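Going line by line, the protein sequences match chains C and D.
Quick note: the first sequence uses my numbering, first residue 1, plus one each step.
Quick note: the second sequence uses my numbering, first residue 112, plus one each step.
Please keep in mind that the hints were generated in silico from the structure rather than gathered at the bench.
Hints are supplied without guarantee of correctness; some may be wrong.
With a straight-line cut-off of 25 Å between C-alpha atoms, the simulated SDA-like cross-links for lysine to any residue are [stated by the list, open to error]:
1. K176/D - K76/C
2. K168/D - K81/C
3. K81/C - L199/D
4. K81/C - K182/D
5. K76/C - E215/D
6. K68/C - H38/C
7. K182/D - A42/C
8. K81/C - R120/D
9. K168/D - R66/C
10. K129/D - G28/C
11. K168/D - T11/C
12. K81/C - R223/D
13. K68/C - R120/D
14. K182/D - N3/C
15. K128/D - N162/D
16. K182/D - I100/C
17. K182/D - T44/C
18. K182/D - K57/C
19. K176/D - N30/C
20. K57/C - K176/D
21. K57/C - L206/D
22. K180/D - G151/D
23. K168/D - K68/C
24. K168/D - K76/C
25. K168/D - E112/D
26. K168/D - K57/C
Coverage of chain D stretches by chain C, computed from C-beta distances (three or more under 8 Å per stretch; other residues unrestricted) [said to hold, decoys possible]:
27. 152–162
28. 219–225
Every beta carbon over 12 Å from chain C, so not counted as near; a handful from chain D, in silico [said to hold, decoys possible]:
29. L122
30. T124
31. V125
32. N137
33. G169
34. D170
35. Y175
36. K176
37. R183
38. E190
Bear in mind that the values here come from a model prediction, so they are computed numbers and not experimental data.
The beta-carbon is built from N, C-alpha and C at its ideal position, and this holds for glycine as well.
Spelled out from the first residue to the last, the chains are:
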Amino acid sequence: GQNIDQPTEMTATEGAIVQINCTYQTSGFNGLFWYQQHAGEAPTFLSYNVLDGLEEKGRFSSFLSRSKGYSYLLLKELQMKDSASYLCAVRAENRDDKIIFGKGTRLHILP
Amino acid sequence: EAQVTQNPRYLITVTGKKLTVTCSQNMNHEYMSWYRQDPGLGLRQIYYSMNVEVTDKGDVPEGYKVSRKEKRNFPLILESPSPNQTSLYFCASTLTSGVGSYNEQFFGPGTRLTVL
Chain C
1 GQNIDQPTEM TATEGAIVQI NCTYQTSGFN GLFWYQQHAG EAPTFLSYNV
51 LDGLEEKGRF SSFLSRSKGY SYLLLKELQM KDSASYLCAV RAENRDDKII
101 FGKGTRLHIL P
Chain D
112 EAQVTQNPRY LITVTGKKLT VTCSQNMNHE YMSWYRQDPG LGLRQIYYSM
162 NVEVTDKGDV PEGYKVSRKE KRNFPLILES PSPNQTSLYF CASTLTSGVG
212 SYNEQFFGPG TRLTVL
């Protein structure tokens with residue numbers, strides 16, 4: 001079956017660093033996405049990993065280990081506006097290029 | 112401006128009254144999807160379309176229909192809405208489907224539907 005797991009909620013302090021983990025079990029693998037979603041709004045793209053390793057983009061970094069079925073999103077220098085849900089999504093390997101979403105991690109930032 | 116638009120943004124209706132939620136993208140994307148998002152369940156795919164006149168069921172297609180007569184439009188049709196279809200709906204488009212290709216999904220702003 002297809003399964004993506006990520007913590008339901010996390011809390012961190014403004015200015016700190018937080019790591020949001022994602023593990024997946026899918027029928028094949030063709031890339032992993034991270035999206036940010038503020039309450040009531042559309043998801044917006046943050047990162048894409050298809051090879052093992054770390055991708056850095058400003059305050060946000062994403063890591064992938066395909067052998068472990070594991071990824072994390074690292075947010076540095078947290079700001080209040082980073083309070084949002086973070087969605088892990090995997091492109092499974094099939095003819096229709098299906099993207100499967102995790103249920104999301106709601107991140108609360110405390111001042 | 113490259114975007115995905117949805118209409119209406121908010122809709123309150125009654126059980127059994129047919130409705131259509133429109134979705135349009137101006138990026139010449141081939142691949143379009145409809146998702147619903149419910150608390151605790153995340154984003155679930157309803158239907159998708161890989162190109163004009165090509166549509167297929169996602170994970171939760173019951174009670175929904177779609178059509179793809181033109182590349183830019185992908186309307187979602189609820190023939191006889193029921194209260195369990197109360198949800199937040201997102202349309203999304205992707206340039207193309209292709210193994211190994213970097214295909215970010217662009218999401219519309221969402222449609223909040225309430226069925227009484």
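Evaluated hints:
{"no.": "1", "hint": "K176/D - K76/C", "in the structure": "violated, 43 Å"}
{"no.": "2", "hint": "K168/D - K81/C", "in the structure": "violated, 36 Å"}
{"no.": "3", "hint": "K81/C - L199/D", "in the structure": "holds, 22 Å"}
{"no.": "4", "hint": "K81/C - K182/D", "in the structure": "violated, 35 Å"}
{"no.": "5", "hint": "K76/C - E215/D", "in the structure": "holds, 23 Å"}
{"no.": "6", "hint": "K68/C - H38/C", "in the structure": "violated, 29 Å"}
{"no.": "7", "hint": "K182/D - A42/C", "in the structure": "holds, 22 Å"}
{"no.": "8", "hint": "K81/C - R120/D", "in the structure": "holds, 24 Å"}
{"no.": "9", "hint": "K168/D - R66/C", "in the structure": "violated, 28 Å"}
{"no.": "10", "hint": "K129/D - G28/C", "in the structure": "violated, 39 Å"}
{"no.": "11", "hint": "K168/D - T11/C", "in the structure": "violated, 37 Å"}
{"no.": "12", "hint": "K81/C - R223/D", "in the structure": "holds, 23 Å"}
{"no.": "13", "hint": "K68/C - R120/D", "in the structure": "violated, 40 Å"}
{"no.": "14", "hint": "K182/D - N3/C", "in the structure": "violated, 31 Å"}
{"no.": "15", "hint": "K128/D - N162/D", "in the structure": "violated, 29 Å"}
{"no.": "16", "hint": "K182/D - I100/C", "in the structure": "holds, 23 Å"}
{"no.": "17", "hint": "K182/D - T44/C", "in the structure": "holds, 22 Å"}
{"no.": "18", "hint": "K182/D - K57/C", "in the structure": "violated, 32 Å"}
{"no.": "19", "hint": "K176/D - N30/C", "in the structure": "violated, 28 Å"}
{"no.": "20", "hint": "K57/C - K176/D", "in the structure": "violated, 39 Å"}
{"no.": "21", "hint": "K57/C - L206/D", "in the structure": "holds, 22 Å"}
{"no.": "22", "hint": "K180/D - G151/D", "in the structure": "violated, 34 Å"}
{"no.": "23", "hint": "K168/D - K68/C", "in the structure": "violated, 30 Å"}
{"no.": "24", "hint": "K168/D - K76/C", "in the structure": "violated, 39 Å"}
{"no.": "25", "hint": "K168/D - E112/D", "in the structure": "violated, 30 Å"}
{"no.": "26", "hint": "K168/D - K57/C", "in the structure": "violated, 35 Å"}
{"no.": "27", "hint": "152–162", "in the structure": "holds (count 7)"}
{"no.": "28", "hint": "219–225", "in the structure": "holds (count 4)"}
{"no.": "29", "hint": "L122", "in the structure": "holds, 15 Å"}
{"no.": "30", "hint": "T124", "in the structure": "holds, 19 Å"}
{"no.": "31", "hint": "V125", "in the structure": "holds, 23 Å"}
{"no.": "32", "hint": "N137", "in the structure": "holds, 16 Å"}
{"no.": "33", "hint": "G169", "in the structure": "violated, 8 Å"}
{"no.": "34", "hint": "D170", "in the structure": "violated, 9 Å"}
{"no.": "35", "hint": "Y175", "in the structure": "holds, 17 Å"}
{"no.": "36", "hint": "K176", "in the structure": "holds, 19 Å"}
{"no.": "37", "hint": "R183", "in the structure": "holds, 18 Å"}
{"no.": "38", "hint": "E190", "in the structure": "holds, 24 Å"}
Going through the hint list in order, the structure does not satisfy hints 1, 2, 4, 6, 9, 10, 11, 13, 14, 15, 18, 19, 20, 22, 23, 24, 25, 26, 33 and 34.
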